[in-house]
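Participant: Each chain, letter by letter, is given below.
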Amino acid sequence: MYGGGNVFEATKFDDLEQEDPVKLAEFEARIARGEKIEPSDWMPQLYRKQLIRMIEQHAHSEIIGALPEGTWITRAPGFRRKLAQMAKVQDEVGHAQLLYSAAETLGKTREQMLTDLINGKSKYSNVFNYPAFTWADSNIISWLIDAGAIVNQMANAKGSYGPYCRALDRICAEEAFHLKYGHDAVVHMATGSPIQRKMIQEALNRWWPPIMTFFGPSDKMSMHTETLMRWKVKMASNDACRQQFLDMYVPKIWELGLTVPDPKLRKNEEGVWEYTEPDWDEFKRVINGDGPCNAERLAVRRTAEERGAWVRRALLAPKATYVRPLA
Amino acid sequence: MSLPLGLEVGTLLLKWHLQNTKIIKPSDSRLATQNSGPTSMSIESLDPRVTRLQIEPEPNPLPKPALDQLITFEVFHQKKEGLPFTYVGPVHAADEEIAFLFAKEQYSRRAMCSGMWIASTEHVFVSGYADDSTSVYDTMPSVYVTPEGPEQSYEIFHLKKRGKAHQHVCTVTARSSEHALEVARQTLNPAPPVVSVWIIPSIHVLRQEEDRDMWATTPEKKYREAIAYRVQDKIDRFKAEQKA
Amino acid sequence: MLENAIKDLLYKIADDQLILGHRNSEWTGFGPMLEEDIAFSSMAQDKLGHSLAFYTLLHQMGEGDPDTVAFMRNADQFHNSQLVELPIGEYDFSLIRHFLYDNAEILRFESLSQSTNEEIAKIATKLKGEVRYHVLHANTLVKQLGSATQESISRLQQSLEYALPFALGIFEPSKHEQELIDAGIYSGEAALQNQWLERISAVLEKTHLKLPEIANLQPVYGGRYGQHTEHLQPLLDEMAEVFKIDPTAEW
Numbered sequence: 001m002y003g004g005g006n007v008f009e010a011t012k013f014d015d016l017e018q019e020d021p022v023k024l025a026e027f028e029a030r031i032a033r034g035e036k037i038e039p040s041d042w043m044p045q046l047y048r049k050q051l052i053r054m055i056e057q058h059a060h061s062e063i064i065g066a067l068p069e070g071t072w073i074t075r076a077p078g079f080r081r082k083l084a085q086m087a088k089v090q091d092e093v094g095h096a097q098l099l100y101s102a103a104e105t106l107g108k109t110r111e112q113m114l115t116d117l118i119n120g121k122s123k124y125s126n127v128f129n130y131p132a133f134t135w136a137d138s139n140i141i142s143w144l145i146d147a148g149a150i151v152n153q154m155a156n157a158k159g160s161y162g163p164y165c166r167a168l169d170r171i172c173a174e175e176a177f178h179l180k181y182g183h184d185a186v187v188h189m190a191t192g193s194p195i196q197r198k199m200i201q202e203a204l205n206r207w208w209p210p211i212m213t214f215f216g217p218s219d220k221m222s223m224h225t226e227t228l229m230r231w232k233v234k235m236a237s238n239d240a241c242r243q244q245f246l247d248m249y250v251p252k253i254w255e256l257g258l259t260v261p262d263p264k265l266r267k268n269e270e271g272v273w274e275y276t277e278p279d280w281d282e283f284k285r286v287i288n289g290d291g292p293c294n295a296e297r298l299a300v301r302r303t304a305e306e307r308g309a310w311v312r313r314a315l316l317a318p319k320a321t322y323v324r325p326l327a
Numbered sequence: 001m002s003l004p005l006g007l008e009v010g011t012l013l014l015k016w017h018l019q020n021t022k023i024i025k026p027s028d029s030r031l032a033t034q035n036s037g038p039t040s041m042s043i044e045s046l047d048p049r050v051t052r053l054q055i056e057p058e059p060n061p062l063p064k065p066a067l068d069q070l071i072t073f074e075v076f077h078q079k080k081e082g083l084p085f086t087y088v089g090p091v092h093a094a095d096e097e098i099a100f101l102f103a104k105e106q107y108s109r110r111a112m113c114s115g116m117w118i119a120s121t122e123h124v125f126v127s128g129y130a131d132d133s134t135s136v137y138d139t140m141p142s143v144y145v146t147p148e149g150p151e152q153s154y155e156i157f158h159l160k161k162r163g164k165a166h167q168h169v170c171t172v173t174a175r176s177s178e179h180a181l182e183v184a185r186q187t188l189n190p191a192p193p194v195v196s197v198w199i200i201p202s203i204h205v206l207r208q209e210e211d212r213d214m215w216a217t218t219p220e221k222k223y224r225e226a227i228a229y230r231v232q233d234k235i236d237r238f239k240a241e242q243k244a
Numbered sequence: 001m002l003e004n005a006i007k008d009l010l011y012k013i014a015d016d017q018l019i020l021g022h023r024n025s026e027w028t029g030f031g032p033m034l035e036e037d038i039a040f041s042s043m044a045q046d047k048l049g050h051s052l053a054f055y056t057l058l059h060q061m062g063e064g065d066p067d068t069v070a071f072m073r074n075a076d077q078f079h080n081s082q083l084v085e086l087p088i089g090e091y092d093f094s095l096i097r098h099f100l101y102d103n104a105e106i107l108r109f110e111s112l113s114q115s116t117n118e119e120i121a122k123i124a125t126k127l128k129g130e131v132r133y134h135v136l137h138a139n140t141l142v143k144q145l146g147s148a149t150q151e152s153i154s155r156l157q158q159s160l161e162y163a164l165p166f167a168l169g170i171f172e173p174s175k176h177e178q179e180l181i182d183a184g185i186y187s188g189e190a191a192l193q194n195q196w197l198e199r200i201s202a203v204l205e206k207t208h209l210k211l212p213e214i215a216n217l218q219p220v221y222g223g224r225y226g227q228h229t230e231h232l233q234p235l236l237d238e239m240a241e242v243f244k245i246d247p248t249a250e251w
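Respectively, the protein sequence lines represent chains A, B and C.
For the record, in the first sequence the residue sitting at position 74 is 74 according to my numbering, with numbers rising by one throughout.
For the record, in the second sequence the residue sitting at position 238 is 238 according to my numbering, with numbers rising by one throughout.
For the record, in the third sequence the residue sitting at position 163 is 163 according to my numbering, with numbers rising by one throughout.
The set of hints was computed from the structure by calculation and includes no laboratory data.
All values reported here derive from a predicted model rather than from experimental measurement.
Each hint should be verified, as a subset may be incorrect.
Stated by the list, open to error - Per the computed footprint, the stretches of chain C lying under chain A, defined by three or more beta-carbons under 8 Å from a beta-carbon of chain A, are: (1) 18-27; (2) 67-74; (3) 160-174; (4) 193-200.
Each residue gets a CB set at the ideal place from its N, CA and C atoms; glycine is no exception.
Given the sequences, and given the hints that come with them, work out the whole structure.
Facilitator: If you want it as structure tokens, here you go:
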């Protein structure tokens, strides 16, 4: 599960003039031909840095994303939901594993990435700093947050970096289950008893504002952004993703008789969705640590790492040497 | 617990959270019987599992030491008996045995599988990568001097297209990984494209091909397949009722 | 009556699996490594799936539907051993419990796959492969951690000593033992326990762990007759929290 906003805080735009022009031309020609870049290929520093940052944030979003839905893992009602909720949250952990591995091929170790996560140095998708108050919240997350993630990930799967694409192909296949499962659960609630309907409407009300920030603010089109798009690192603008999401899912919400808590939301004559501009000040505040669950999310992750340390220490063979995974 | 609604949700949630995060004295959570409730200092979470972890707020953790996440192993799976083993990705683990335990659930819990090979990343010799239309074999020198040394068996894997996965093509006998590459070129003489070749000494490949029963029930676990969730009828019924 | 004896047997098997699967799902997101987190979750799902298979069989024999049976009973109506209801503790305890339980489970499944009751035999035969992985997982990790560092050895030893009397409770004889054995439904708890001791001893011998003298231990019985620790009812309340908002609703 991951949204945009990944290039929201732009890295310093390294001077491309420092790169070897011949190698840079070959690299760009390969991407233009539609070929993937593999780990041992030459690549510009900016490409490497931006990809590490993006894949790492994506990985963090998966492992932290396991927590809001994990909130309801022991309370899922009935066998069918209980099994699916377990499998769904497990998949998020699995996605983190795949993505950390993809980022590792670029030269940052999993140790470094996890350290940066638990110290609050790295970011992850901001929506996971919000709590899942009820079972219905976890249904909304399973459906709509995963729906948003799919929009983003399907775009990124067409990117240029081989290991990231391989991971995303798998992730997208698994997300198809998440999306259907989430939709199934929301449909059951929305067409169910009055209390179920109330629960799901309230959950939608709580989650709509975070969902609208999921893809990040409108991109500032800079040289930097254009370069990353040419290199197929950034595959779609945040606004384009948001529009696609609204187009695909608002009708599905409405057909269940649910109300989207935004009076301005409508599709205009040009086919563009209009909406109340999300509260980007809150977004920035929360992403910088001041959200309802930031402290807990990191504390949980840190604790899991600390309490598992003895296991890893014991398993480690004395002569082990680390080699980056191959692909 | 009253549930805050609407667009001001962020602020309300923050207040709620501060009220509900208590800080008091920690206690020993080691023994199973003791970790049932929060200690006075630990986080009380919406997730009862988190509450039971008795987490004390403790900022500035130390950086992870090198090898904290152990080492990496490359995983190849076989979809069906008779099909070639294909690369699926790495796992972190301590040795091949544990790598298999981990790989089985990471890479075959959702797909048909009839066997798995595991090799430590350090045992994989990588030829380098050619363009999508060419063969990496064609970039090798045409004259090759066979090295000294004992012969052993090597597994050869080809990548046909960048972004796709390496696939097992044959086993050769050779005196070194480089030599195995040369032997593979001579025996296979493959038409391009061969973007990249991986070579692993056979003795360093852990093979799990015998106990296929472990995977026998995977296709039946429908609860983790999209296909198990069909709600169109329910939606149609609901819409019809709304109209009526 | 044999049918009641069979039901009693199926309930204790299914209840064990449900409660342990539930407990182990508490690890998801908190495991000692990402990869182990995933493996532990798979096994928890398998356990839940196994309980569902046996509750479904019970339903076919006239008992309530699986959701009602799993989510609406109180602790004193559960037949699980007390071992499985204990909190997850730290990883050493959960691993040792998994080791002790699954080495018993594989024997139970092997015995049931030979059962004269075809329905039971069919389920056991089908699901045996999953338990084989569970056992391989547990044994491999116990072998490694049980002979690795002083810390890992002492943690596992401590958990082993703590868990063992509870694990003996898996084999608490029911009042139908002889009837089930005579009818060829399965080999009976005493036989299973003996084979189990051999199995776990063989693994522990390869480690620095010491199996306490079984004869000196007082098995923790009662679970099979509805007597439980203080941990089971809260677990059930938590599990059914949403379900009970409206037990007649489709969730």
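Participant: Now, for every hint given, state plainly whether the structure supports it.
Facilitator: Hint by hint, here is what the structure shows:
Only residues whose beta carbon comes within less than 8 Å of a beta carbon in chain A count, and the segment 18-27 of chain C has 3; three or more means the coverage holds. Given as covered by chain A, the segment 67-74 of chain C passes the check, having 3 residues with a CB less than 8 Å from a CB of that chain where 3 are the minimum. With a cut-off of 8 Å between beta carbons, the segment 160-174 of chain C has 0 residues touching chain A; three or more are needed, and the interface restraint is violated. Proximity of the segment 193-200 of chain C to chain A, defined as three or more residues with a beta carbon under 8 Å from a beta carbon of that chain, is not established by the 0 residues found.
The structure does not agree with the numbered hints 3, 4 stated previously, though it agrees with the rest.
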